[in-house]
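J.: Spelled out from the first residue to the last, the chains are:
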Amino acid sequence: MLLPKFEFYEPTSIQEAIDLKKKYRGKAKLMAGGTDLLVHLKKKLVTADHLISLAKIKELSQVQQAGDTLKIGTCVTMSQLSKSAVIQEKFGAIKTASDNLGTHLIRNRATLGGNVCNASPAGEALPSLIVYQAQVRLQGPEGKRKIPVESFFKGPGKTDIHEGEILVGFQLPLPEKNYGAHYLQLGKRKSSEINVVNVAAFVEINPADQTVKTARIALGSVAATPIRSFHAEDVLTNKAPGEAVFYEAGEAARHKDCQPIDDFRGTAAYRRAMIGVLTKRTLETACKLAMAQ
Amino acid sequence: MSKFDVINSYAPRIDCPDKATGKAIFTDDLSKPGMLYGAMLQSPHAHAKILSIDTSKAKALEGVKAVITSKETGSVKYGVSPARYDETMFATDKVRYVGDEIAAVAATSLEIALNAVALIQVEYEVLPAVLTVEDAMKEGAPQLHEAFTNNLCAEVHQEFGNVEEGFKQCDIIKTTTMKNKRQDGAFIEMQACIAEYDRRGTLTLTTSTQVPHYVQRTVAMVLGMDVGKVRVIKPYVGAGFGIKAAANHQELACCFLARMLKKPVKMNYTREQVFMYGRARHQFSHTITTGAKKDGTLVALKHECYLDGGAYTSFGIATVYYTGSLLAGPYKLPNMSYDGYRVYNNKPACGAQRGHGAVIARAVFEQQMDMIAEEIGMDPLELRIKNMMNTGDTTCNDLNMSSFGMSECIEAVRDGSGWDKKKGNMPKGKGIGMACGFFVSGAGFPIYRSDTFHGTVIVKLTEDGGTALVYTASAEIGQGSDTAFAMIVGEALGIPLENVRLASGDTDMGVDLGAYSSRQTLMTGHAAKEAGEHAKQQVLEVLAEQLDTPLEDMDIKNGCIEFKNQTPDFSALRTRYIKEHRGWTDNPESEKLTFKEASRIAFLEKGSIVGTGKYRPHWLGGKFKGAAVGTSPAYGCSAQVAEVTVDMETGQITIDNIVDAHDCGKAINRNSVEGQMQGSISMGIGETMHEEVIFNDKGQVLNSDLAEYKIVTAMDMPPVKAIVVESDEPNGPYGAKEVGEGAIMPTIPAILNAVYDATGVRMNELPLTPERVYTAIQAYKERSNA
Ligand SMILES: Cc1cc2nc3c(=O)[nH]c(=O)nc-3n(C[C@H](O)[C@H](O)[C@H](O)COP(=O)(O)OP(=O)(O)OC[C@H]3O[C@@H](n4cnc5c(N)ncnc54)[C@H](O)[C@@H]3O)c2cc1C
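Each protein sequence line maps, in turn, to chains A and B.
Position 97 of the first sequence, counting from 1, maps to 97 under our numbering, and the rest follow consecutively.
Position 74 of the second sequence, counting from 1, maps to 74 under our numbering, and the rest follow consecutively.
What the hints contain is simulated information worked out from the structure, not anything from laboratory work.
Incorrect hints may appear among the rest.
No more than 25 Å apart at the CA atoms, straight line, and that leaves these computed lysine-lysine pairs for DSS-like [what the hints assert, rightly or not]:
1. K721/B - K44/A
2. K190/A - K721/B
3. K57/B - K5/A
4. K42/A - K698/B
5. K190/A - K430/B
6. K43/A - K721/B
So the derived label-pair ranges between C-beta atoms look like this [to be verified]:
7. K22/A - K59/B: 36 to 46 Å
8. P4/A - K32/B: 20 to 30 Å
9. E164/B - M1/A: 53 to 63 Å
10. E134/B - G155/A: 36 to 46 Å
11. T103/A - Q143/B: 42 to 52 Å
12. P128/B - M1/A: 26 to 36 Å
13. P719/B - Q88/A: 38 to 48 Å
14. Q88/A - A118/B: 46 to 56 Å
15. K625/B - H255/A: 54 to 64 Å
16. P128/B - H255/A: 37 to 47 Å
17. K27/A - E155/B: 54 to 64 Å
Backbone N, C-alpha and C define an ideal beta-carbon position, used for all residues, glycine too.
In isolation and in its complexed conformation, chain A is listed as follows:
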């Protein structure tokens, strides 16, 4: 198998990239780290006569804190995220996800934007982005728009991106106080895994009575897109955290919120059961972190 031939472009500004994309339309593909795209090209799952690399557009590779929001450029790599102070400090569930994706070599290339645009139901960073309420920032010939990441995924490999648009980055509200978040994934071996299931949870505790004020739980690999686990969230809301509640939330996620399928990586029944366990465990850690603040 050989990589097919293509023309390669390295624009240095967003506008230039948008112009190129407009010019070649469906015949062009945007490339960030290429860790999905080049594999797909080689396997002939996608075709492209033109590849527009985003790597030389400096502003897309930055993590910036501005007031009460954090902006993450689309081309920020997993390694960059793992090392970023603000990610380590305030977005532990993203840090854990970035640490988990692929191998060192892959993490040095794989970008957050690429992970999101690839829209795999098992995508590593997606549940965490959802529970932190990340917004997706898009820019195209028609201008800019911003939508919640949660509504960005439309199916395996499918997103709400319009023809000609580029994902430029993410905007996340900086969580305030009394919160905790965690991410867990399960695979067959200890690294370089494609997730059998993955779960992220974000919890905010009401300091007055130590009950759960808000809970957001996102499940991966158990539906056509990563999904929110609303039933599990309901179980927690206004309750004092504890083993029984976590278990009940896990069971709600398992039985009410996920719609997994059988494939060669695992059966639906196992995925369901593991959603129960991982939901319970992410909540345990998230609550512990929230109450420690």
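Starting from the known structure of chain A, arrange chain B with the ligand on it as the hints suggest.
T.: Chain B with the ligand only, in chain A's frame:
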């Protein structure tokens, strides 16, 4: 303190500097002037008749130099064992698995070659396919090979002693079943080769193989050439694990194209093609019944096994025999019966892989040992010691344990793991388990019937006297054999390793059956030792004459001549040597006469000094059918203890550590011995925990890459304590025997026994994916609650 000067140490491997700096040359690093690129058309169907092949469009493509099918190449049958040649270079009438070879193209670039392959038009009549042993054996099942009815590739029926009578004496009888999954060797270097044909009619094939010798013979046979006109060269190889232990279609097609076009041709397998080619460990389905007395004495074993063979035989005949024969040790077992069936189906052929044939049988049996121990309330380690064979014992099927450090191995892992304190006292979710195993140290017979020596070695002393050059056709495939043989020659000659240079892996250098059945250290090692000693003898003969000292009173050690009695006056020799070297900086000043001087003088007297060595095992065959498989001049043995943690909610297993003791007779290079132990464990863990080639219902491999075929990562690898046990094998050079394959034997059952200890669940199917373990735990809980 070792009594040896070179061997038995931790020597840096001689290939290290090149490999560590990326300078080592592998086949794919090579290219030749005017080289063409080859590519193959392989069947997209698991089973189909070929109605017609039209290569005209492919031939018409610019840059294409040749397109060959069986029409051009003929259909000489070949395979691994001459008793069962069932393959041809290209399919003639039908294809039998997804990947069966149909045609090959040579073109000026790989891209053109691949485009040309896509232009070959084949008309198929798709036939119903059988993909499992069960389906293949059903009445009325589609048949793969006309000559082999019921898709039965081979069957073996053996009985030693009287099993039925044996069971009558037993107080405990355990029957269990178990199956593993098809493996892939997952070596890092994919098969690659370059063939060249010179104007004098010599074909040179440079290829990534474990067995230059057998490849040479197969190429000669299939292409109808003299063996002497075929030369096979093996550069550095990125492992083989058994899969590269026979000629493959690509090598044959490449040679054919090169001869036809009189141009060098290069071909490579992609990773997907490696999976399509297969030839790794079979899937085995075992049913084993073991009977013992209540004091723990093993009495009888009844064994039935079905092997998922795939479309062709490959090593399968040997495999199905090994599967049975290697259960006869390491415990005293007077009665054993075996019924083995290797079944064809429409998947890639399976073949030999590390621990050939025996690994899963061992995994079942070693679990039964634990079950028996549990039932009679005996420590599983004691049960094993109780039944252990002794040095010199012969199994019921005639395998002789000429050296046998098994008990030492058990004691070493007992101490090394803290077994006595831990066994029975592990906290919930944690477990400890042990197992033993043994393996051949070189097949007793070549694959084809022959009186050939199994290995020859030439040692030539350089004419300046400084260096010994070693030439061997043996195969360094990453296991460290080059270093081992350089060390052995150094030891035999009495010179340091740094003064030995070695070239290997070229059929022009002699005969060597290659790297399989853990044979090289013992067999090539013998030849290396003999060649080194032969060269030394010749040097000493000259010295004896020159110094008028009896030969028996002299020896060479550490690069100097040692005299038993008074050192004779050698000043005349030294002066002669120095005169020869006017203006040189390295004239000897030592008090002792150096090897360098002595061998220079020997050259001046006799011309080039060449020592030769050879090895062939003594007659090892038994009297019954199939007795040859399993025979070996020696057997390596080992014991392992594994500790695991099981996540009872998810089924995830963490292997916390493994303690391994292996009796390798005598360690030539301790670095390599420990490396083989570590590597065996890593492969064993992969097979236990997550490796499995998965097919869809069309016979296509679903996980033909190393993202989805899950070998062990550094994160999965536990700390390993590797303990080397030395038993001094009488049939081995300096007492050495195998470590390359035997070391994998206990890994799987040790982990399985540890998982049982942690969970109370016996797993009867591999790999232990979290899902499989979780499901078993759930079922166990339900049973316990019911
Ligand atoms: C060995 C290996 C292991 C892996 N392991 C994991 C893992 O554990 N978990 C996991 O989730 N993934 C894994 N992946 C997949 C992959 O690495 C990730 O999805 C990664 O985040 C993709 O990022 P990238 O920058 O390489 O994307 P690319 O391959 O460059 O792009 C991916 C897709 O997004 C589009 N795209 C990229 N950027 C933009 C943009 N700014 N605007 C619009 N479209 C865009 C591209 O056109 C393409 O379709 C693995 C891949 C490999 C090869």
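J.: If a hint holds in the structure, say so; if it does not, say that too.
T.: Taking the hints in turn, this is what the structure says about them:
no.: 1; hint: K721/B - K44/A; result: violated, 46 Å
no.: 2; hint: K190/A - K721/B; result: holds, 21 Å
no.: 3; hint: K57/B - K5/A; result: holds, 22 Å
no.: 4; hint: K42/A - K698/B; result: holds, 23 Å
no.: 5; hint: K190/A - K430/B; result: holds, 18 Å
no.: 6; hint: K43/A - K721/B; result: violated, 42 Å
no.: 7; hint: K22/A - K59/B: 36 to 46 Å; result: holds, 43 Å
no.: 8; hint: P4/A - K32/B: 20 to 30 Å; result: holds, 27 Å
no.: 9; hint: E164/B - M1/A: 53 to 63 Å; result: holds, 56 Å
no.: 10; hint: E134/B - G155/A: 36 to 46 Å; result: holds, 37 Å
no.: 11; hint: T103/A - Q143/B: 42 to 52 Å; result: holds, 45 Å
no.: 12; hint: P128/B - M1/A: 26 to 36 Å; result: holds, 29 Å
no.: 13; hint: P719/B - Q88/A: 38 to 48 Å; result: violated, 29 Å
no.: 14; hint: Q88/A - A118/B: 46 to 56 Å; result: holds, 50 Å
no.: 15; hint: K625/B - H255/A: 54 to 64 Å; result: holds, 59 Å
no.: 16; hint: P128/B - H255/A: 37 to 47 Å; result: holds, 41 Å
no.: 17; hint: K27/A - E155/B: 54 to 64 Å; result: holds, 59 Å
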